[in-house]
Amino acid sequence: MATEEEVKEIKRRHSDRLLQEPGVCGIGVEKDKEGNYVLAVHLDATHLDAGATIPDFIEGCPVRRIPSGPFTRRA
Amino acid sequence: MKLSNVTLFSTNLRDLKNAKKEWSQRLFNVPRAAGFRALAAAPSTVPDQNVVGVGIGEQIVDDKPTGAIALKFLVRFKYPVHELSRRVLLPKSVNGLLVDVEEVGFFRRFVTARPKKTVQAATVMPDPKAKLRPAQPGCSIGYRDPNNEVIMAGTFGALVKDNKGVYILSNNHVLADENRLPVGAGIYQPGLLDGGSPETDQIAALSRFIELKATGNQVDCAIAKAANKNLVSADVLRIGEPAGTTQAAIDMSVHKFGRTTAYTVGRVTSIDTDVAVGYETGNFTFLEQIIIVGQNEIPFSGGGDSGSLILERQTNNAIGLLFGGSNTHTIANHIEAVLEALKVNLA
Chain V
1 MATEEEVKEI KRRHSDRLLQ EPGVCGIGVE KDKEGNYVLA VHLDATHLDA
51 GATIPDFIEG CPVRRIPSGP FTRRA
Chain C
76 MKLSNVTLFS TNLRDLKNAK KEWSQRLFNV PRAAGFRALA AAPSTVPDQN
126 VVGVGIGEQI VDDKPTGAIA LKFLVRFKYP VHELSRRVLL PKSVNGLLVD
176 VEEVGFFRRF VTARPKKTVQ AATVMPDPKA KLRPAQPGCS IGYRDPNNEV
226 IMAGTFGALV KDNKGVYILS NNHVLADENR LPVGAGIYQP GLLDGGSPET
276 DQIAALSRFI ELKATGNQVD CAIAKAANKN LVSADVLRIG EPAGTTQAAI
326 DMSVHKFGRT TAYTVGRVTS IDTDVAVGYE TGNFTFLEQI IIVGQNEIPF
376 SGGGDSGSLI LERQTNNAIG LLFGGSNTHT IANHIEAVLE ALKVNLA
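Protein chains in written order, with the working numbering: chain V, 1 to 75; chain C, 76 to 422.
Hints are supplied without guarantee of correctness; some may be wrong.
Listed next, the in silico DMTMM-like pairs over lysine to aspartate or glutamate satisfying Cα-Cα at most 20 Å (straight line) [claimed, not checked]: (1) V:8 with C:326; (2) V:31 with C:237; (3) C:236 with C:326; (4) V:31 with V:59; (5) V:33 with V:56; (6) V:31 with C:326; (7) C:288 with V:16; (8) V:33 with C:415; (9) V:31 with V:49; (10) C:300 with C:175; (11) C:167 with C:97; (12) C:288 with C:363; (13) V:33 with C:310; (14) V:8 with C:363; (15) C:206 with C:274; (16) C:300 with C:310; (17) C:300 with C:237; (18) C:288 with C:316; (19) C:239 with C:415; (20) C:304 with C:363; (21) V:31 with C:372.
If you are wondering where the hints come from, they were derived from the structure by calculation, not from laboratory data.
Input sequences plus hints: build the corresponding full structure.
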């Protein structure tokens, strides 16, 4: 299992590119239910094709898709 | 959570469901006098007013999940046991089942229309939309649109200081209208959306903001110098004065008080997420942000909570400045990045 620092490095290498993919609104480092660090991809829940181009693993790190967006300012 | 005996678990779950049903009926089917709704904001130790939900979930002790399943009473305020009379105490166990009492705060609908004045509620419960003197973090603030095309309100996050004075801390988009207002623009409490008057309710003037850019943002923040230090307080509504600052951490239990959803509790799920956030003037990308989800799937924030200070529940150290989100997730800047960018400290 990857360490937090390793997943952060993977995130830094891929974040710009992933944020350009359709329906992707966030890329982060989170923990899964077992406590392992994963790459979290936040998706626009209203976008039909959101996440369609995102692989299940990036550099061997599991990808977790989260239908959490779109994100807007809170005022 | 690890469960070694499936049969035992299913029996236990059936008992828990029965207990939940019994206590839901007992607490929520109580006949209430007309007018109760208008007083619903008042804190009360009486279970049928303080308990907002009954559920089944993991027992939490000292903000940490224990792995044990319990009947959960969700309350607005968790009072110390010694402050409660025996008459209003919730049971320690129900039919031999574990009981947990969890504070989830006071929830209100996301309201965007100008509310009617509720004088009585303001006297007994922090009403973030009321006029407050001194103004306290957690209350409604905002700017005046020079074109008078929109009225808005956000949240006073924290009182901060440098060697020149004390300031209201909030977001750029709450105090500076996304880079569009000049230094010196008036800041009002309550915000004009909540009935603030440009003639009588100015408490501060925009001093500095960190410019929002299309990409690479770390913070959405600004400060407004208080017109008079007696007009403002450092005590966050319902929470109190921040103890200091600390780094956020995954699974940290946090709370905030904001203009729209008032007091809410949540859990940090990420301290390093890059996000694209929609603003009036375009989409902006923020790097290495904090992500928070509300406890028990209740939203941690709503529109109008922008600018709220987020604090660790256990220590009351500030960890973030709320600025964005969705119905399910809230996004915050790291508070230390905010204070460093603006060259201020918590007052």
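(message) Which constraints among the numbered hints does this structure fail? Numbers only, ascending.
(response) Those not satisfied are hints 2, 3, 8, 9, 10, 13, 18, 20.
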